[in-house]
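**Student:** So the sequence lines, in the order shown, correspond to chains S and X.
Residue numbering for the first sequence follows the numbering used here, starting at 1 and increasing by one per position.
Residue numbering for the second sequence follows the numbering used here, starting at 1 and increasing by one per position.
Don't take each hint at face value.
Stated by the list, open to error - Derived, one-sided and incomplete: chain S residues facing chain X with beta-carbon distance under 7 Å: (1) R119; (2) M130; (3) R132; (4) S136; (5) L139; (6) S141; (7) L184; (8) Q186; (9) Q187; (10) L190; (11) V195; (12) R217.
Worth flagging that the hints you see were computed from the coordinates, not collected in a lab.
Just so you know, even glycine gets a beta-carbon here, dropped at the ideal spot from N, CA and C.
2 protein chains.
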Amino acid sequence: MNGKAAKSGSVNHPAGSKSSLPHLEGMGRRERRAAETRLRLFRCALELFTERGFSNVTVEDITEAADVGKGTFFNYFDSKEHVLGVMAEIQIGKIREAVAQAETAAQSVRLVLRRLCQRLSEEPGRSPDMARTLISSFLASDRVRIHVDQHMATGRRGLARIIEIGQRSGEVDPALNCDHLALLFQQSALGTILVWSLHREPHLKTAMENTFHLFWRAIARPGAGKQS
Amino acid sequence: MNGKAAKSGSVNHPAGSKSSLPHLEGMGRRERRAAETRLRLFRCALELFTERGFSNVTVEDITEAADVGKGTFFNYFDSKEHVLGVMAEIQIGKIREAVAQAETAAQSVRLVLRRLCQRLSEEPGRSPDMARTLISSFLASDRVRIHVDQHMATGRRGLARIIEIGQRSGEVDPALNCDHLALLFQQSALGTILVWSLHREPHLKTAMENTFHLFWRAIARPGAGKQS
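Make the full structure from the sequences, and use the hints.
**Tutor:** As structure tokens, then:
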């Protein structure tokens, strides 16, 4: 297959939906096709994991469902576990977009963070079973754990940057440490997804909206931006 | 064995450490012994799950480690999955204690919640691997999920009660919905444990303390109780 295809260990080719990856449009035809195949493998894998459980799915099952040769899989991913990294990359893509929006200062940081919460709940919100599969796969082995942890650190850097911009603009309390807040944001968002995947109501979108409002109440500069 | 032993489907005999279950002292000798055996089975099971992974541990492995007959296990638990409910019961025991403290009004609700956060992190904080095992076991099957979800609903009722007391005493913003806040508290606490189990630093106690401070900043009545 395409030798240029990025393995999931690299974040050079984060493959998500086109809408979450605007730089996909800047790619050449070959690169774009590779990113699309990678995304197809990811989607087929996720569907199978949800259906049968992570440990009951083989690489062959995935390549059959995606209608590609088995060798193709290994052009894109080191292992079955690495497929899950794509979800992290999709989420990181959204955080990057939010950073760019905050940097242009066209919108308030409050609105940027609120929209980000909504966007981060899109993929996991498709089904509680899929969300459970994802989280338990993150926990399944040290290889995946380390991989996911690295992606989360990248995500935290972006979140800290957004919060820092909010502090400069006077929206966020400048007394707070933006790295700590970035970690707290991630904990809240992941905890929301986890509890929703167990409890299944309200809709993840609603749950995430409530999570955002609580977070914002905690970080807004006193007297500024507590409006709903 | 003891026919009175509670199956984990019931919450009549929540078996945790003595300190978290003061009503253990009110039990008869027989009941206390049963609760102790149940706790021993839980602790042995958890150690084995962490060592070998949940799915690689049999009921026989657990009863051997706990030095009891295999039949004994089923006096206490319907299945291997149900053993995990004990952790939920331990945590619910702590929430009940916190409710009682808040009701006596001897301490501020802020202090009650802060201490509760610390106590809730004690068991999962023993090892990131154990925390990962617990969370992924919660997600492993629908049987466990429903079981855990019921326990969490019980926990939320207690948390809502504490927050309601805080609203009456003037510490917590009365405009907020205490049931929503209870859910948000659970999400934050579980998210903190989840991210810590992946990231492994800072110490869970520190992470949970930060989570408490953020939560309190969000819920404190404006002008009241924002002191660290």
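**Student:** Each of the hints needs a verdict: does it hold here or not?
**Tutor:** Consistency of the hints with the structure:
For R119(S), the shortest C-beta to C-beta distance to chain X is roughly 18 Å, which exceeds 7 Å, and the interface hint is violated. Below 7 Å, beta-carbon pairs count as interface contacts, and M130(S) has none with chain X, the closest being about 11 Å; its hint is therefore violated. The beta carbon of R132(S) comes within 4 Å of a beta carbon in chain X, closer than 7 Å, and the hint placing it at the interface holds. Residue-level restraint check for S136(S) holds (minimum Cβ-Cβ distance to chain X is 4 Å; threshold 7 Å).
With a least beta-carbon distance of about 4 Å to chain X, the hint placing L139(S) at the interface is held under the 7 Å criterion. Annotation: interface hint on S141(S) violated; nearest CB of chain X at approximately 9 Å, more than 7 Å. The closest approach between the C-beta of L184(S) and any C-beta of chain X is roughly 5 Å, which is under the 7 Å cut-off, so the hint is satisfied. Given the 7 Å rule on beta carbons, the hint for Q186(S) holds: about 6 Å separates it from the nearest Cβ of chain X.
The beta carbon of Q187(S) comes within 4 Å of a beta carbon in chain X, closer than 7 Å, and the hint placing it at the interface holds. Taken as an interface hint, L190(S) checks out: its beta carbon lies about 5 Å from the nearest beta carbon of chain X, inside 7 Å. About 5 Å separates the beta-carbon of V195(S) from the nearest beta-carbon of chain X, less than 7 Å, and the hint is met. The beta carbon of R217(S) is positioned within 7 Å of a beta carbon in chain X (closest approach about 4 Å), and the interface hint is therefore held.
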